[in-house]
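The chain contents come next:
2 protein chains.
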Amino acid sequence: MMNLQNSLNFSGGPGALPESVLLQLSEELIQVPGLGISILGISHRSEWFAEVISELEDNIRALLGLNEKYHVLLLQGGATQQFSMVPMTLLRGKSTAAEYIQTGYWSGKAIPEAKLEGPIRVIWNGRAAGFNRLPTDDELCFSPDAPYIHYISNETVEGLQFQRVLGRDDVPRVCDMSSDFLSKPGDFERFSLIYAHAQKNIGPSGITVVVVRDELIEQPHAELPSFLDYKTQAKAHSNFNTPPVFAIYAVLLVTRWLIKDIGGLTQMDRINRRKAELLYGLIDDSDGFYQGRAETADRSLMNVVFNLPSLELEKRFIQESQAAGFSGLAGHRAIGGLRASIYNAVTIEAVEELVNFMDAFWRKSVRN
Amino acid sequence: MMNLQNSLNFSGGPGALPESVLLQLSEELIQVPGLGISILGISHRSEWFAEVISELEDNIRALLGLNEKYHVLLLQGGATQQFSMVPMTLLRGKSTAAEYIQTGYWSGKAIPEAKLEGPIRVIWNGRAAGFNRLPTDDELCFSPDAPYIHYISNETVEGLQFQRVLGRDDVPRVCDMSSDFLSKPGDFERFSLIYAHAQKNIGPSGITVVVVRDELIEQPHAELPSFLDYKTQAKAHSNFNTPPVFAIYAVLLVTRWLIKDIGGLTQMDRINRRKAELLYGLIDDSDGFYQGRAETADRSLMNVVFNLPSLELEKRFIQESQAAGFSGLAGHRAIGGLRASIYNAVTIEAVEELVNFMDAFWRKSVRN
Numbered sequence: 001m002m003n004l005q006n007s008l009n010f011s012g013g014p015g016a017l018p019e020s021v022l023l024q025l026s027e028e029l030i031q032v033p034g035l036g037i038s039i040l041g042i043s044h045r046s047e048w049f050a051e052v053i054s055e056l057e058d059n060i061r062a063l064l065g066l067n068e069k070y071h072v073l074l075l076q077g078g079a080t081q082q083f084s085m086v087p088m089t090l091l092r093g094k095s096t097a098a099e100y101i102q103t104g105y106w107s108g109k110a111i112p113e114a115k116l117e118g119p120i121r122v123i124w125n126g127r128a129a130g131f132n133r134l135p136t137d138d139e140l141c142f143s144p145d146a147p148y149i150h151y152i153s154n155e156t157v158e159g160l161q162f163q164r165v166l167g168r169d170d171v172p173r174v175c176d177m178s179s180d181f182l183s184k185p186g187d188f189e190r191f192s193l194i195y196a197h198a199q200k201n202i203g204p205s206g207i208t209v210v211v212v213r214d215e216l217i218e219q220p221h222a223e224l225p226s227f228l229d230y231k232t233q234a235k236a237h238s239n240f241n242t243p244p245v246f247a248i249y250a251v252l253l254v255t256r257w258l259i260k261d262i263g264g265l266t267q268m269d270r271i272n273r274r275k276a277e278l279l280y281g282l283i284d285d286s287d288g289f290y291q292g293r294a295e296t297a298d299r300s301l302m303n304v305v306f307n308l309p310s311l312e313l314e315k316r317f318i319q320e321s322q323a324a325g326f327s328g329l330a331g332h333r334a335i336g337g338l339r340a341s342i343y344n345a346v347t348i349e350a351v352e353e354l355v356n357f358m359d360a361f362w363r364k365s366v367r368n
Numbered sequence: 001m002m003n004l005q006n007s008l009n010f011s012g013g014p015g016a017l018p019e020s021v022l023l024q025l026s027e028e029l030i031q032v033p034g035l036g037i038s039i040l041g042i043s044h045r046s047e048w049f050a051e052v053i054s055e056l057e058d059n060i061r062a063l064l065g066l067n068e069k070y071h072v073l074l075l076q077g078g079a080t081q082q083f084s085m086v087p088m089t090l091l092r093g094k095s096t097a098a099e100y101i102q103t104g105y106w107s108g109k110a111i112p113e114a115k116l117e118g119p120i121r122v123i124w125n126g127r128a129a130g131f132n133r134l135p136t137d138d139e140l141c142f143s144p145d146a147p148y149i150h151y152i153s154n155e156t157v158e159g160l161q162f163q164r165v166l167g168r169d170d171v172p173r174v175c176d177m178s179s180d181f182l183s184k185p186g187d188f189e190r191f192s193l194i195y196a197h198a199q200k201n202i203g204p205s206g207i208t209v210v211v212v213r214d215e216l217i218e219q220p221h222a223e224l225p226s227f228l229d230y231k232t233q234a235k236a237h238s239n240f241n242t243p244p245v246f247a248i249y250a251v252l253l254v255t256r257w258l259i260k261d262i263g264g265l266t267q268m269d270r271i272n273r274r275k276a277e278l279l280y281g282l283i284d285d286s287d288g289f290y291q292g293r294a295e296t297a298d299r300s301l302m303n304v305v306f307n308l309p310s311l312e313l314e315k316r317f318i319q320e321s322q323a324a325g326f327s328g329l330a331g332h333r334a335i336g337g338l339r340a341s342i343y344n345a346v347t348i349e350a351v352e353e354l355v356n357f358m359d360a361f362w363r364k365s366v367r368n
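Protein chains in written order, with UniProt numbering: chain A, 1 to 368; chain B, 1 to 368.
The hints are all genuine.
Identical copies go unnamed one by one, so any copy, or any two together, can satisfy a pair.
Okay, derived cross-link-like pairs now, DSBU-like style, lysine-lysine, Cα gap no bigger than 35 Å in a straight line: (1) 315 x 235; (2) 69 x 231; (3) 231 x 184; (4) 260 x 184; (5) 69 x 184; (6) 115 x 235; (7) 94 x 109; (8) 184 x 109; (9) 94 x 115; (10) 115 x 231.
Everything labelled a hint here was simulated from the structure, so no lab data went into it.
All chains should be modelled from the sequences, with the hints used to inform the complete structure.
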């Protein structure tokens, strides 16, 4: 029913979505059952949409294991907007520095936006080492006075992922989980604010999920434009002004797929680990032909970033992989190389196909 | 092929879209021809998407008759975000007041957001008259010192529409055209900045078109978060951070439909005027059964807002219209009553069906 190529999409984002979700969205673009009209023509003030929001809030809270003190917000503007909204809310007017950890391309983008709002301190910076590893606990010294700490759980460009929670329990933790959100279980109640744009694991671009604890949005802060005010958005259940109805509905369908088809985050994690093992296994067994970029302990389960012995070979790899039906395997434009992003919707079967292709490409290249 | 009910969607927004556009989007959710993958899985850094942006910028400039001094931006956050971005850019730090005209619900929403950024002066306010008419030129006195003037070309809630350009040529004109954008030709080069969210005439919710003159974004202004900086967005051709690819592509398809299927804005205007004539004609011929809300001279060609002799009859009208396959005919929650929104994608045939229904409803109600 579906076309093969969707399943072979290894793009860094916007990424692959589950086939069943794409099929349902395709049908409902013409007619949503029970309503008779296209999903694009449904009012955001309809009962139908209120139920979509409500179910999605519940699903996200359930998947993350969050209590009722957390608000689930569905905002526009991507993680980039959160780079600013977080310090506008928590840092503007403060005299003590918020603490940031710079582990790669995206955490580096968050820092200048925060500096516009107040004092920050970068407590660890991996630039000197070329962002090929993450800090150990010994390298991180968190201050009890910081208004919050900020880090990124998974760096998509460099392929680095934290497998632990950072920071101290007496300082609010803020985490950008854009590229590993809903990919594995975790102790999410240790965070005060988590944000994630949708276009990696949970939907199309144009929608960003924010989960934020009550007390963070209740505390006094600078007067902000309404659309940048978490409290305004929370009160309105993300329907303060017209939200992106289609994108929100797509995220709802992905959470249903996670809960019903996959069976929850523990199952999702098992699948994701198997996919990563397959790819890193081949890389490690390739006698140095495929070179993983990140240090082994810090490798991302979402973005497998690697190089070949020459630029010429990398170019040929991309061409031949495209000819074989794969897409999205070029590395991020900031660093080049190759990258296989294996977000939730990429299947084990698709990864097996990629591993077979990579194995054949290696043997052929070495023989020549 | 299509279902009847999409064509009978008179929602105030998100509104109806052309059937041909819905069909194409439905197919391309599975597979975009030539790429083989779902539109939701295509990278925003792909050549394909660069061409989408480029064609869309050209189409909008061509439809509006704008020269190359105008940038076409595709932003998130709706008109609400523009309520803030405009004064952040043009008013923050200024000592002379920007001039706002308050003609209804939506222009009223823009004012408090502007006040957060600098001094403003409301030079006309229709509240006392219940927002049932627009100001005449005699009632408007514009200052030559204002950093800009701001007004809304069409008030969707009250059904009021300006049929002329306001302001002075030596002061930048800023206009929210969210609900009549690309519905008729005009002298758009007289504006310095025009913004319009998509979900009325040109696409799904989640995307906002801004056209802005070079000199407005080149002049010095307060340092802003990158995503709120028109200049950053213009330089990046709206691809500064991941944009809503699907929504932008939908808008492109609507502009193609406007150019190729409809034949441009003069033709579109002819169709829109015919639709409005049909509805207002029935209202005016109903012996006061249907009561148009706006004064005749200021009636909107996009939103036909009216009342019935009693709340009871209005309720019955909504129920019976839904049973007959129509949707979206309830008035805005702020004022109640009834509203038929006849945006570009609503056909003359659909309006004829509505007029027939309204005619029958009137005769039946009067007879009882």
